[in-house]
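Asks: If you want the building blocks of each chain, they are given just below.
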Amino acid sequence: MTFGIIPPQPADRIAITGMGVVSPIGQDVETYWSGLVNGRCGISSIERFSTEGMRVNSGGEIKTLRDPTTTAASSLPKCRASQFLILAASEALQMAHWSEAPFADQCLGVVIGSALGGIGQAEYLMERPRDLHALTEAPYDGPTRNLAHWLRATGPVMTISTACASGATSLGVAADLLRAGMVTAVLAGGVDILCRFVMQGFNRMRSLTRDKVRPFDRRRNGLLLGEGAGIVVLERTSTARQRGVQPLGFLLGHASCADGAHISAPDTAGRGLEHTIRLAMHNAGVVPEQIDFISAHGTGTPVNDRIETIVFKNMLGARASAIPINSIKAHMGHTMGAAATLETIMCILAWRHGQIPPTLNYGEPDPECDLDYVPNYARSVRPRMSLKTAAGFAGCNACLVLEGAS
Amino acid sequence: MSFRGTSLLTGWGEGLHCLPTDAYAAAAGRRILPLSTPQFADDHLRRATRECLLAITAVEQALLHSSWSATELAGQRTALVYASASSYVAANWAFLHADTSSAMYFPYTAPSAVPGEVSMYFNITGPYLSFLSGANAGLEALWQAATLLNTDQCDRALILGVETFIECEDLYTRGRRLFSMPLVETAVCLLLERHPSLATMKYSAGNTPVNNQTNELIPPAMLETLRSTPATAAITLCGSTIRHSCQLAKQLRQHWSSSAVPSISVVNTRTGTCLAATPLIGLLLALAEAQCERILCISRWGEAWSILSWL
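In order, the protein sequence lines correspond to chains W and A. Position 17 of the first sequence, counted from 1, bears residue number 17 in the numbering used here, the numbering being contiguous throughout. For the numbering used here, count along the second sequence from 1 and bump the result up by 406.
Simulated from the structure, these hints should not be mistaken for lab results. Ideal Cβ positions, reconstructed from N, Cα and C, are used throughout, including at glycine. Any given hint could turn out to be false.
Some chain W residues well away from chain A (every beta-carbon gap over 10 Å; in silico) [as the list claims (entries may be wrong)]:
| # | residue |
| --- | --- |
| 1 | 47 |
| 2 | 77 |
| 3 | 218 |
| 4 | 285 |
| 5 | 363 |
| 6 | 367 |
| 7 | 368 |
Which chain W residues face chain A? A few, computed with CB under 7 Å, are given here [unchecked claim]:
| # | residue |
| --- | --- |
| 8 | 49 |
| 9 | 145 |
| 10 | 148 |
| 11 | 153 |
| 12 | 161 |
| 13 | 258 |
| 14 | 264 |
| 15 | 268 |
| 16 | 272 |
| 17 | 303 |
| 18 | 395 |
Isolated chain A, as found in the complex (with noise of 0.2 Å):
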């Protein structure tokens, strides 16, 4: 597989190589790592949210890479496929908070209002959806993209991830159960065109409840799925928290049947919690620094889960 751009902005700083060994250890002891609001003159503009200006910066961003101009993204034949389990958490807590006489959080309280202003900004008018599956949103997206590309409804496709967290830090702080930190704030962006290794992306989810008395975070369905993974596979996980994916990789090393167990990396210990965006990052991790035929990307939130297969 090939992206014709890609673009990764992090509270950890622009790109793979800013992301730590130890997201955990690198955040000492901060709950965020806040993304800084980006600057536009264009007038158009003067309403759009944090998270939508986030969104158009890391499009630009992943244009440059790819060496397209924005006109070549215009139009109708550029799918935008949208993933996110937080962006829209700031403008609805403000909203809900906002005195009386304010419209200023409406209707940017949608989640669609993020990819809504980076369609217009760069005129994109293709097929165009969201997703809100919380972690696995970004396989989902990927997965659509592919499909729109596969049957011809679009040339090329953008996928594009927003995590945003620092405007509601007192929420997630008392939910810190459920959102291990440290929360990072991301904006990434694949840009994909039709290419004959899409026709080989395989793409399960399915949902099973965790046993509470086994603790068992891999489902039979989800084994079935991997159980034809060859040793020389890289498999990189992507679970709500770093906990969570710890405790799934070490299950998953434990039900390998074979001796030659394929490489499993733990995309969260080097990210820390960026919800959609992690497997989108853990693909990105694995196209730069693993040398295999094969890359599984999995990803589980709650009861859900979902693998994506890319020869």
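Next up, chain W with everything else stripped away, as it sits in the complex (with noise of 0.2 Å):
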């Protein structure tokens, strides 16, 4: 293999150092941590919006948000998601050690993945019609423009979107420029939020499930939809160290590739899904035999899952069996720009706790997705080096390779 960037040093690794979620089963990390290994479920009926005429009407919504404990609370804006990353992006800051807003002395950058944007605040905008000017402020980068002005952030402040991958491409990003010396710390993650409008246009799909979700099981049919973020503070272990702070965790390697083969389903060989694996962890300079973990898409999805597996075997041979291999999807729902972002937070957190959060629901093994995806109670195993796939419409693939801090 001759592609891919020479792996860094020790002291250069992008580390990081601390980590916010908003999630209906939990809104902060310590709650969403205990969510996870015992098995809570987040999916309820939906109750913010009518969902009149869908043929599905629940999903991982969070009923209450929890009042911020920032000094900013007050100046909160109204978009939902853009609450969601300034209350994950509050949580990761305090656990990073960086004190609050402002960061005028410090170039601290804002890279934010999204499928969504600000679409449901475009939505909830439109049934008022005297608010339709205000529409032209609700566009996909809207949320990111909002956490940025309210950390008063001066580095670069972007937002992604490869679809439901968006929450890893981000990360990736936000690793790209601290490499490039363009900024102290970035605060990256991803966002989505459940509205009538993404719930429309899964139900017309008929993508989501009327039972559970169910990755990986013989009897899955489909994903049920979430919302939430996830934050991750990313800067470089030399600056940490700095600042004498322990890391929690490194990205040592990303990548996100297209797939080139259907505008909402996945390459039927997983194409582009391997490419991006192989591609990650070459950037990496890591090898299959080093990969403890894998967080998978898993959406619960008959296509999804078993392309997935396909994959998994074809990176791993003979070695993917004896991985460790979960979905968290039937936890929460599909939470779309978020999730890659929760599911790397979990990754770092399996590793801190030494355990593995269960695949919930599962119940019959499915011929085609015969590899170990940790069915129904958590695992006590501490996975060091993990991969967190992801994947999207448009044929978008990401992958991250991370590993632990001791």
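Starting from two chains that each stand alone, build the complex the way the hints lay out.
Replies: Below, the structure is given as structure tokens:
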């Protein structure tokens, strides 16, 4: 193999020093982790908007957003996605021991991935015609700009969209900014909210299940949507050391590649995903034998889970069946742009706590999905090196190679 | 720097030579200068939206210019980096208003649908991402493409910008405070291959609130970046509106410490409002027209700004 970047030296590795979560099973990292390992389900009937006329009316909805504890609570924007981001960012910054805004003397970047951006806010505003002018302030990059404004960030502010892989791609772009020396630290992550718009879309595509979400199970027949935000603070290891902060983990490598196959379905042979994983591992300087755990995209659709299984076997050979693989989509639904970041946080927490959260609702093995999916109960394993895979509409694939910090 | 191939389709016509010297005057009161919808016989494109077809047309024309074949573009060694601030609006707007029996616009509501159709049409399976950061997205896409090339993750990179407006004319009219007229539909494509000059590309970006009291558009961090710019450089400015860019140019001239001020051109006065495509056009204009050793392309969108410097 000739492609890829030269893996960075340890001092220059991209460290994760803070994490923040807003999810249907917990609105802080600790509660989120407890929900994951204890198999809490955050899926319920949707109450925030009407689902009249839809086949499915449940999802991972956050019923009450926690009260912000930040000094900027009164200045939270009205946009729900922006609120999610600010709450998650606030927790991540606190964990990373960065003092709260302003960051005038530091070059703090913001890179956010989203599949929907401010569309939920646009939908809300459209119901109030007198506010129609404000629609032009609710585009896809609206939540990112609101977060940057709230942070008074002085570094680059970028909005990325690779559909439901956005939460992984954004972390990769943030790592590129750090490697280029353009920023001191980056708040990177993903966000999306449940709204009628996206529920209608998936409903019309008949992608949503009326059953439970059952990743990798023979009975799986679709996904459910969820909402949330995940934010990590990324900085060079040398910067973290200078600040006296211990990294939680490292982002060793990343890649985002195209399928070039179909607008709403993955390539039937998983070629795009396989190339993405190979490129990410090569960029990280990691070989398959080093992988301890895979956090799969695992949507619970018949096609996705089968193809991911094929790709993992192609990548890992005989070792594939010895590596634990999980999907946490059954806990809280598919949180779209937030999913890959929330799952990245799960990988780091799995290393720290020595436990892998289960794949819920798994009961009947599928001959085509015959790997170890950590069914139903958390497992006591400490996975140092993890792969995080993600995929989205329009043939988007992304992969992150993560390592827990000692 | 040399691009292997480029293409430019705008509401003014095809190519740089169609751009007027004064977009506002040339628009003669028209709010939007649309692009016509390309026609394809390919059945695979029967559901593709207008913005997807414009993107494919732009890539085809850049390929013609490059003398590469579509076969050479296919595969894992080509990166596709997309930039846009508006192309998703039409499909999203239509879906928001669609009757419940139609799934026509979903998932074309996803901004990635545009590069998605391009990747399928040309069978591009290499690095792939989309930037949606308003007018700065064009320079972000250029930086990312150069990063992918410099790190050997691809052999060639396709940078694509598409902006469309006509389907949502009413919406943009209501938002004219943010989107000054004329809005000019654009599809621009740059084919970049690995070249020693890529190593000299410098990109910097930041976020600085505008001081409402002084209306100062140039933050100290941006000035710091510009301070070492020689008088022989060409600076090309791409704001979110013509007025905004002209203000930026005026302040930039005032800030220059030496008497030898580099040439400063305001791209929006030539193009109109093309959002993320503006800096890509600005770079093409500077390459075509400026006899200089360095080009600085500056974009600003809200509080965020980007500077791309290319020797």
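Asks: Evaluate each hint against the coordinates.
Replies: Hints and how they fare:
no.: 1; hint: 47; result: 21 Å, holds
no.: 2; hint: 77; result: 14 Å, holds
no.: 3; hint: 218; result: 27 Å, holds
no.: 4; hint: 285; result: 13 Å, holds
no.: 5; hint: 363; result: 31 Å, holds
no.: 6; hint: 367; result: 29 Å, holds
no.: 7; hint: 368; result: 24 Å, holds
no.: 8; hint: 49; result: 13 Å, violated
no.: 9; hint: 145; result: 6 Å, holds
no.: 10; hint: 148; result: 5 Å, holds
no.: 11; hint: 153; result: 5 Å, holds
no.: 12; hint: 161; result: 5 Å, holds
no.: 13; hint: 258; result: 4 Å, holds
no.: 14; hint: 264; result: 5 Å, holds
no.: 15; hint: 268; result: 14 Å, violated
no.: 16; hint: 272; result: 6 Å, holds
no.: 17; hint: 303; result: 15 Å, violated
no.: 18; hint: 395; result: 5 Å, holds
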